[in-house]
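Starting from the structure of chain X, add chain V where the hints point.
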Amino acid sequence: NAGVMQNPRHLVRRRGQEARLRCSPMKGHSHVYWYRQLPEEGLKFMVYLQKENIIDESGMPKERFSAEFPKEGPSILRIQQVVRGDSAAYFCASSPQGQGPHEQYFGPGTRLTVT
Amino acid sequence: DQQVKQNSPSLSVQEGRISILNCDYTNSMFDYFLWYKKYPAEGPTFLISISSIKDKNEDGRFTVFLNKSAKHLSLHIVPSQPGDSAVYFCAASERPSGAGSYQLTFGKGTKLSVIP
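Those protein sequence lines, which keep their order, are chains X and V. FYI, our numbering numbers position 104 of the first sequence as 104, with every residue one higher than the one before it. FYI, our numbering numbers position 101 of the second sequence as 101, with every residue one higher than the one before it.
Bound conformation, chain X alone (with noise of 0.2 Å):
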């Protein structure tokens, strides 16, 4: 059984430039959490999905950052016009549909760099 997978690893990107972050869930999860971790930082929550429902985006930026589940592929977060701040460790995280805190499972996180 597959884990999380998070592509790509490594993201370099200009400013200005889009950032798109994909994360496909465990087989027969339906539930996808994203978390960023700055540099000597904590993982902070940012978005809940379910599929083709956005959940809970109380820890997401209010500008430049969306996140989508659609029916059929990947989760994606995307950032627009990237600034130097948004350089981070970028983790997903799937679940069981109506499962518990300890029932997310991590990918191996996309690391982003701005330049």
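If you are wondering where the hints come from, they were derived from the structure by calculation, not from laboratory data. Just so you know, these numbers come straight off a predicted model, no measurement behind them. Idealized CB from N, CA, C, for every residue including glycine. Mixed in with the good hints, there may be bad ones.
DSS-like cross-link-like pairs, simulated, lysine-lysine; straight-line CA separation at most 27 Å [to be verified]:
| # | chain 1 | residue 1 | chain 2 | residue 2 |
| --- | --- | --- | --- | --- |
| 1 | V | Lys111 | V | Lys68 |
| 2 | V | Lys108 | X | Lys62 |
| 3 | V | Lys37 | X | Lys44 |
| 4 | X | Lys44 | V | Lys111 |
| 5 | V | Lys71 | X | Lys44 |
| 6 | V | Lys68 | V | Lys37 |
| 7 | X | Lys44 | V | Lys54 |
| 8 | X | Lys44 | V | Lys68 |
| 9 | V | Lys54 | V | Lys68 |
Per label pair, the in silico range of CB-to-CB distance [unchecked claim]:
| # | chain 1 | residue 1 | chain 2 | residue 2 | range |
| --- | --- | --- | --- | --- | --- |
| 10 | X | Gln50 | V | Gly60 | 27 to 35 Å |
| 11 | X | Gly16 | V | Asp55 | 48 to 56 Å |
| 12 | X | Gln50 | V | Ser12 | 37 to 45 Å |
| 13 | V | Ile53 | X | Glu103 | 12 to 20 Å |
| 14 | V | Met29 | X | Pro8 | 35 to 43 Å |
| 15 | V | Ser113 | X | Thr115 | 27 to 35 Å |
| 16 | V | Gly60 | X | Gln80 | 42 to 50 Å |
| 17 | V | Ala70 | X | Asn7 | 38 to 46 Å |
| 18 | V | Ala70 | X | Ile76 | 36 to 44 Å |
| 19 | V | Lys111 | X | Lys44 | 13 to 21 Å |
| 20 | V | Glu15 | X | Ser30 | 39 to 47 Å |
| 21 | V | Leu11 | X | Arg20 | 33 to 41 Å |
Among the chain X residues that face chain V by a calculated CB cut under 7 Å, a handful are [what the hints assert, rightly or not]:
| # | residue |
| --- | --- |
| 22 | Glu41 |
| 23 | Pro101 |
| 24 | Phe106 |
| 25 | Gly109 |
Only chain V this time, still in chain X's reference frame:
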């Protein structure tokens, strides 16, 4: 405002001895606590958890203790092994309302080094 605090950025322990990692929290609405282990360039891996209705949970070499009145929890690893060397994150979750988001609030992590 950090709701979950791990005040020790690093800890070194001799192989075979006990490792004790500490975590404090401020949000009294947290009702579930978790420890994750993380190796470089990998995602966090769930290690052990505890509900707020308990004060201890044990799984093999790992035991988590919860002191609700002090808003403090600790992870004990005994005996410590070199393979335990990693960054350990404490995380907490509130009982969700409405749509059921079990978002986790993480501490900054403690880097454990187990010396052979």
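Comparing the hints with the structure gives:
For a cut-off of 27 Å, the pair hint linking Lys111 of chain V to Lys68 of chain V stands: about 25 Å separates their Cα positions. Our distance criterion of 27 Å between C-alpha atoms is met by Lys108 of chain V and Lys62 of chain X, whose separation comes to about 24 Å. This hinted pair checks out: Lys37 of chain V and Lys44 of chain X have alpha carbons roughly 16 Å apart, not beyond 27 Å. Using a Cα cut-off of 27 Å, the hinted pair Lys44 of chain X and Lys111 of chain V holds, with the two alpha carbons roughly 18 Å apart.
For a cut-off of 27 Å, the pair hint linking Lys71 of chain V to Lys44 of chain X stands: about 20 Å separates their Cα positions. With a C-alpha separation of about 23 Å, the suggested pairing of Lys68 of chain V with Lys37 of chain V holds against the 27 Å cut-off. About 26 Å separates the Cα atoms of Lys44 of chain X and Lys54 of chain V, which keeps this hinted pair within 27 Å; it holds. With a CA separation close to 23 Å, the supplied pair Lys44 of chain X and Lys68 of chain V stays within the 27 Å bound.
Straight-line distance between C-alpha atoms of Lys54 of chain V and Lys68 of chain V comes to about 9 Å, which keeps the hinted pair within the 27 Å bound. Against the hinted window of 27 to 35 Å, the Cβ-Cβ separation of Gln50 of chain X and Gly60 of chain V comes to about 34 Å, which satisfies the hint. Range check, Gly16 of chain X to Asp55 of chain V: about 52 Å between beta-carbon atoms, so the 48 to 56 Å window is met. Checking the proposed 37 to 45 Å range against Gln50 of chain X and Ser12 of chain V shows it holds: the Cβ atoms sit about 43 Å from each other.
Distance hint check for Ile53 of chain V and Glu103 of chain X: the Cβ-Cβ separation is about 18 Å, which falls inside the suggested range of 12 to 20 Å. At roughly 37 Å, the beta-carbon separation of Met29 of chain V and Pro8 of chain X lies within the given 35 to 43 Å, and the hint holds. Between Ser113 of chain V and Thr115 of chain X the Cβ separation comes to about 32 Å, which falls inside the hinted range of 27 to 35 Å. For the hinted restraint 42 to 50 Å between Gly60 of chain V and Gln80 of chain X, the CB-CB distance of approximately 46 Å keeps it satisfied.
Restraint check, Ala70 of chain V to Asn7 of chain X: a C-beta distance of roughly 43 Å satisfies the suggested window 38 to 46 Å. Between Ala70 of chain V and Ile76 of chain X the C-beta distance comes to about 42 Å, which sits within the given range of 36 to 44 Å. For Lys111 of chain V paired with Lys44 of chain X, a C-beta distance near 19 Å keeps the hint of 13 to 21 Å intact. A C-beta distance of roughly 42 Å is found between Glu15 of chain V and Ser30 of chain X, which places it inside the suggested range of 39 to 47 Å.
Between Leu11 of chain V and Arg20 of chain X the C-beta distance comes to about 38 Å, which sits within the given range of 33 to 41 Å. For Glu41 of chain X, the shortest C-beta to C-beta distance to chain V is roughly 6 Å, which falls under 7 Å, so the interface hint holds. At its closest, the beta carbon of Pro101 of chain X sits 4 Å from a beta carbon of chain V; the interface hint therefore holds under the 7 Å criterion. The beta carbon of Phe106 of chain X comes within 3 Å of a beta carbon in chain V, closer than 7 Å, and the hint placing it at the interface holds.
Nearest Cβ of chain V to the Cβ of Gly109 of chain X: about 5 Å, under the 7 Å cut. The hint holds.
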